[in-house]
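Since the structure of chain A is already known, use the hints to place chain B with the ligand on it.
Now for the letters of each chain:
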Amino acid sequence: MALSGIQIYKLLPQTNCKECGFPTCLAFAMKLAAKQVELSACPYVSDASKAQLAESAAPPMRLVTLKSNGHEIKVGNEVVLFRHEKTFYNRPGIFIKVRDDEDIQAKVEPAEKFAVSYVGMDLTVDGFAVEATGDPDRFVAAIKTLRQISQRPLVLISSDAKVMAAGLAVLNGETPLICGADANNWEAMADLAKANTPGGPPPHSGGHGQAALVVKADSIEALADLTEKIKGKGVEDLVIDPATKNLSRLLTFSTQVRRLALKKNVRSVGFPIMVFANDSILAAQAVAKYGGFIVLDEFKPETVYPLLVLRQNIYTDPQKPIQVQPGLYEINNPKPESPVLVTTNFSITYFSVANEVESSGLPAWLLVTDAEGMSVLTAWAAGKFDAERIAKAVKTFNVADKVSKKRVVLPGHVAVLSGELEAELTEWEIKVGPREAVDLPAYYKQVLV
Amino acid sequence: MPIEIPKDKWPGSVKTITLGANSDGGTRTSVVTVGGEKALPFMHFEAETPYRPAVAIEIKDRKPDDWSTPLSEAWGDAMNDPAKWARAAEAAGADLILLTLSMTAVDGSPNTAENAVAAVKAVLGAVGLPLIVFGPGNAELDNALLVPVAEATKGERLVLGICEDKNYRTIVATAMANGHLVSARTAMDVNLAKQLNILISDMGLPLDRVLMDPTTGALGYGIEYGFSVMERLRMAALQGDAMTQLPMIVTIGAETWKTKEAKVGEGVPAAWGEWRERGINWETMTAITLLESGADIVVLRHPESVKRVKAAIADLMVAA
Ligand code: SF4
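Chain order of the listed sequences is A and B. The first sequence maps to residues 1 to 449 in our numbering. The second sequence maps to residues 1 to 320 in our numbering.
Bound-form chain A, shown alone (with noise of 0.2 Å):
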């Protein structure tokens, strides 16, 4: 949390020198809160009340970036509680675990490979995570197997350190996730953290090493505690495990982690989560909730892929719903006598739809109508999509020019609009087409051919 004008003011030496080129310290701090000048302008400024302002201009909630040849994945650095108080900005990452005594390849080739498209995107995990069963060779030779079939970030996961070292040692370059330190083991863990790279970090990294580490404890306190000791030994890129599977546990730790953070600025808990989800519905919550890091047990498409999907909704900015550009849009390569379909700018809408006719072979004219992003019934309930919108879009995009058959097709969800849409169109034939995207290949081989 930013320190206000007067909180700074007490941490400056108060003696109105002027050195800085403000009248008094008050004047310097106004502007410092402002964020107009450097601190550095001020040559008096205590060593301790340095570390204070830095470590207030810190966001509340550290980003952790974890990068692997060609991939980056940044979670971290949210500002709110509530999506529709401003968004959320890093999506969680969400890797598939893999033993290092199971069949590597079987595993991971099918989760390397998977892409998925949703609304123009394509979506894909973000890497894996590779457990230890005690052997450091083995778990070497798994991280090899893995890095052949895939180069994405990596968590490694071993509560040995020497068997840690090893795997890391294989990740030369690479920022992964090492998982992790708990009360036992976190100087040791947090020497690989910080040290991984012969030579240790480079200098003035401030506290960036070669792995961001992840702490385990089961509560609040206990985890607080042991990322002030790790902190204390120049390891920052933490993630927090409240080691729990159960949904209300989780739920109530993830809620209380992000309340202390921003409202409270506990630094000591202001990182990303992790979550280790052996099913679909504590891995839902995660990303609904709060997760930073998803883990999840098995690779299944039918899970990943609704997650993946639920993760790009929640993570949408309230602001800025995903729009289409409103026009008449080809589909399968319309003739002048092809039926125009009309639907909204809302992206899911436009998708659906889209799709819809695209994979039905069935060639179309799509219009598009500026609704301001909202879909047919929100759009129609707000009054941005009515017969004199749909009717002027008709117009704008010289629809008339294309076809030789006027004939729009309304979204069934609106079947009121036809009777005004005929006093706007006067010359076009309105349709009522069905009311979900799903059944247009359906009615339009009925009706429209």
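No lab work stands behind these hints: they were computed from the structure. Quick caveat: nothing in here was measured; it's all calculated off a predicted structure. Treat the hints loosely; a few may be bogus.
What the hints assert, rightly or not - List of simulated lysine-lysine pairs, BS3-like, C-alpha gap at most 25 Å:
id, chain 1, residue 1, chain 2, residue 2
1, B, Lys15, B, Lys63
2, A, Lys245, B, Lys7
3, A, Lys431, B, Lys258
4, A, Lys335, A, Lys405
5, A, Lys405, A, Lys395
6, A, Lys245, B, Lys310
7, B, Lys260, A, Lys431
8, B, Lys166, B, Lys194
9, A, Lys86, A, Lys107
10, B, Lys260, A, Lys300
11, A, Lys384, B, Lys7
Quick look at chain B with the ligand alone, frame taken from chain A:
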């Protein structure tokens, strides 16, 4: 290091509503009470959650023509008989039943009041659970079917729906006259929801007989709107805005099983995975997301989803 957990203190609370009755004309053997929250969902460290969210199963008065295969496989022959279907739903763990009346009879002729009343009575006779009855979703036909249903079941504390701005008067009037409740639906908007609640309460129906259906999109089809509107409605309720202090019901099954992902099994991308499990995931993930944004009653369609969502609710109701 001791850390003080910040607790929200809310001045308001959600109304407590009981569905179904076992006296004064009511013949239910169990009733369902929802609402009463004094904090955001499942925040047991701030306030007791007096009632767990309820799970309703949606059935129809005749075998639907357009339900997807995973659903007809799950319910089988029971779909041909509303009484059997209701018993199967009870066996699947339903806390209550939502009976949706069809637009037409099997032969395509419009549904009739006699048929609607017979179906409702059959379900009431088959199970002792509370019942929600929805019309087919056409204002005129809804009124024609729901009024005789309400009159024939006086005192049962049914929930009648869908009560929308274009037809609320008739449904609210018959609910008032016959001791029933209503479900008030608006299109994913805080102010529209409040307006409809005001209109209903202006007619004289006490608000503890009104459920609020803010509408949701399923996962992938606008769930984020439902999610945020429900969070905002619940926060407004807790802040003390009386016109938002109603328990919320969402028809997740209906929204889920009309999406292509749940409805269609052939000719879809391989990356969509196995059909039945995908549909169930679609339904359960939508449910958990909306339960955690304030849903008090979730209406589902697949029995396996009901099992999983009930287990999740049971977990969530235990203070951590
Ligand atoms: S230089 Fe520092 S001590 Fe001097 S007036 Fe500015 S803020 Fe105060």
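* Output the numbers, in ascending order, of every earlier hint that fails for this structure. => 1, 9, 11
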